[in-house]
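Asker: Sequences are here, hints too, so could you generate the full structure?
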Amino acid sequence: MFAGFDFDVLIKSLPFLWLGMQLTLQLTVLAVGGGLILGTVLAVIRLSPIKPLSMAVAAYVNFLRSMPLILVIFWFYTLIPRVTGTSVSSFYSVLIAFIMFEAAYYSEIIRAGISSVRRGQISAALALGLTPPQAMRYVVLPQAVRNMIPVLLTQSIIMLQDTSLVYVVGLRDFLTSAEIVAGRDNRPIELYLTVALVFLVVCFSASRLVNLMRRRYSL
Amino acid sequence: MGAYNWNWPILLKEPYFGWIVSGFGNTCLIAVIAWAIAFPLGSAVGLARTTELPWLRLIGTAYVELFRNIPLLAQMFVWYYVVPELLPNDWSQWVKRDMPYPQFYTAVLCLGLYTASRVAEQVRSGIEAIPRGQRHAGLAMGLTPGQVYRYILLPVGYRTIIPPLTSDFLGVFKNSSLALTIGVLELTSQARQIEEYTFAAFEAFATATVLYCMVTGLVILIMRQVERRTRIAGTIALGAS
Amino acid sequence: MIEVKNVSKWYSSFRVLDNCSLAIAKGEVVVICGPSGSGKSTLIKCINGLEPFTQGSIAVDGISVGDRSTNLPKLRARIGMVFQNFELFPHMTARQNIMLAQQKVLNRDNAAADRKAQELLDRIGLADHAGKYPAQLSGGQQQRVAIARALAMDPIAMLFDEPTSALDPEMITEVLDVMVRLALDGMTMAVVTHEMGFARKVAHRVVFMDQGTIVEDAPKEEFFGTPRSERAQQFLSKILQH
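Chains as they are written, first to last, in my numbering: chain A, 1 to 219; chain B, 1 to 241; chain C, 1 to 242.
Note that these hints are calculated values from the structure, not bench results. Any given hint might turn out to be false.
Claimed, not checked - Distance condition first, Cα-Cα at most 20 Å in a straight line; then the derived SDA-like pairs of lysine to any residue:
#1 C:K132 to B:I232
#2 C:K45 to B:G133
#3 A:K51 to A:N62
#4 C:K104 to B:V156
#5 C:K45 to B:Q134
#6 C:K132 to B:A233
#7 C:K45 to B:V156
#8 B:K96 to A:N186
#9 C:K45 to C:K132
#10 C:K45 to B:H136
Answerer: Structure representation (structure tokens):
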């Protein structure tokens, strides 16, 4: 079945595929970074005692979490140019969509991490004479961060996989580049199996690393 | 923004109204059939990973790692463009020529197998969260390993994973939108199509969004009831999210 | 009735059990004590095959436990076991917990199993709680139900693995009372516990374990009078200090 497997096609299209991979990585890094920042802000607001604000954030988070990512991408792809009145490159519209979407997920993870620290810990810290911010800084956050880092990393691996959805607006990421070559040279088997294998190796190793870390630092 | 021409009534005109209805129908149909594959298959894979048989555990682990480390869209392309080429000749001919609704069934199969890997992880963690002593207690009474699963581990395990299974079901419902990449006319693609034909982008996407949110809300409400009904007296429900 | 001969168990280089031998006759009550990590829980779980062992042999009522051809479920059904953390099944009421194995293992019909459950719940003073779920019972009540659950199988012997260590002090007595009555009724019992009062009251023999070996195996009077080994003396003085 692999007798006709054409490695030449792969080798010839390697530079093109690598360009796609660069876009995939770029998008992932920027979306993870932006998503984390926005997600942290959202989580803090969500946990704040100001009811209307925390409810507004809760609504935002639940709203985005009930939408398919593809639909979110379409929303921003058509929305941004119309709102700003200027044409924005599809890269930026997609990046903003990813950041807004991921932030909803990240904020839930961060919130859960903070809530997972037992209340008794705060009581104990306060009983020792620490101020509430000190209790947060020295007792709650170190434990919370330990709890949420593996989950955040796992979510980021999912994010890396999700970037392939930029295909729907024609942005040339790794998968889309492969699709272009597959169509042009009529070699779907070689190209799609390669894409699957590359992602499998990258994501599997990454998740193994997360597991290793979790065990090493007993996270 | 002020210059935008709102045109809600157009959504009630044919063919657009019909597009939304059929798109929504397809989305629900894909999700339900894919779940019908994912739930039993995922349960079997997840349970395999909780047994004491090394080779069964290995198969379960391999399945989960394979399906969750490849982007769903790449899996969709592999099922649609690659697998028919690799099948034996007459099967391949059948898939390409005679199979009814090939895009639809490919999408369903792909989503079902992918979601099974997620279900498997939930089932495994649900069973593993049960203290080892429960298994011991069952065995000590003379129950066989099979009976221990049937009467103790499964009833307790499945109860605790109702909330994560709910989000996995909602996941397959949302992921059904990926079927549009191989040409299935589900809700998102119909909204997109209406946008292209009428330029009523907001109206079309808003309608799709509302439909997705409605189903999500409905499913969560139903599952909260299920969770409450099945809750073991004296314990606290975690709440579906 | 229970015959443990030269049993050893080890993981790579770590010895959990080292050449342990122990015999328990019909009607005998044996208390097994020792510091944590001494292997006493492992030993008692070897007796009904919940823990595999590496070397040696164990026979219960003449049936070899380690033998591959032995029908373990059938053997286990004849030995009752009570766990440190009760291990009642959380999704079943007290009554259902007691009925499950009667129906699924002994194939008793619903009425017979129910009658038995009711009778045992009466005996442990929990007849009013039959319909409650474990989470609605106190620790002491749960452990009494767990004992009833084991007794429902009409076992030929009972194994207790630290049955009172997870209990609040005020609940220990109610569980020990049930166990004392059982011992006085002539049940064959192996009990891992630190409750020396219980040992003094009903045990025939006391076994002291340390680091996977049986250091001392003596009649009760002898053990509490003048333990031979220094380690047992130290252990006793530590737990009897307060």
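Asker: Does each hint fit the structure? Answer for all of them.
Answerer: Here's how the hints hold up against the structure:
no.	hint	in the structure
1	C:K132 to B:I232	10 Å, holds
2	C:K45 to B:G133	11 Å, holds
3	A:K51 to A:N62	16 Å, holds
4	C:K104 to B:V156	18 Å, holds
5	C:K45 to B:Q134	14 Å, holds
6	C:K132 to B:A233	8 Å, holds
7	C:K45 to B:V156	24 Å, violated
8	B:K96 to A:N186	16 Å, holds
9	C:K45 to C:K132	29 Å, violated
10	C:K45 to B:H136	9 Å, holds
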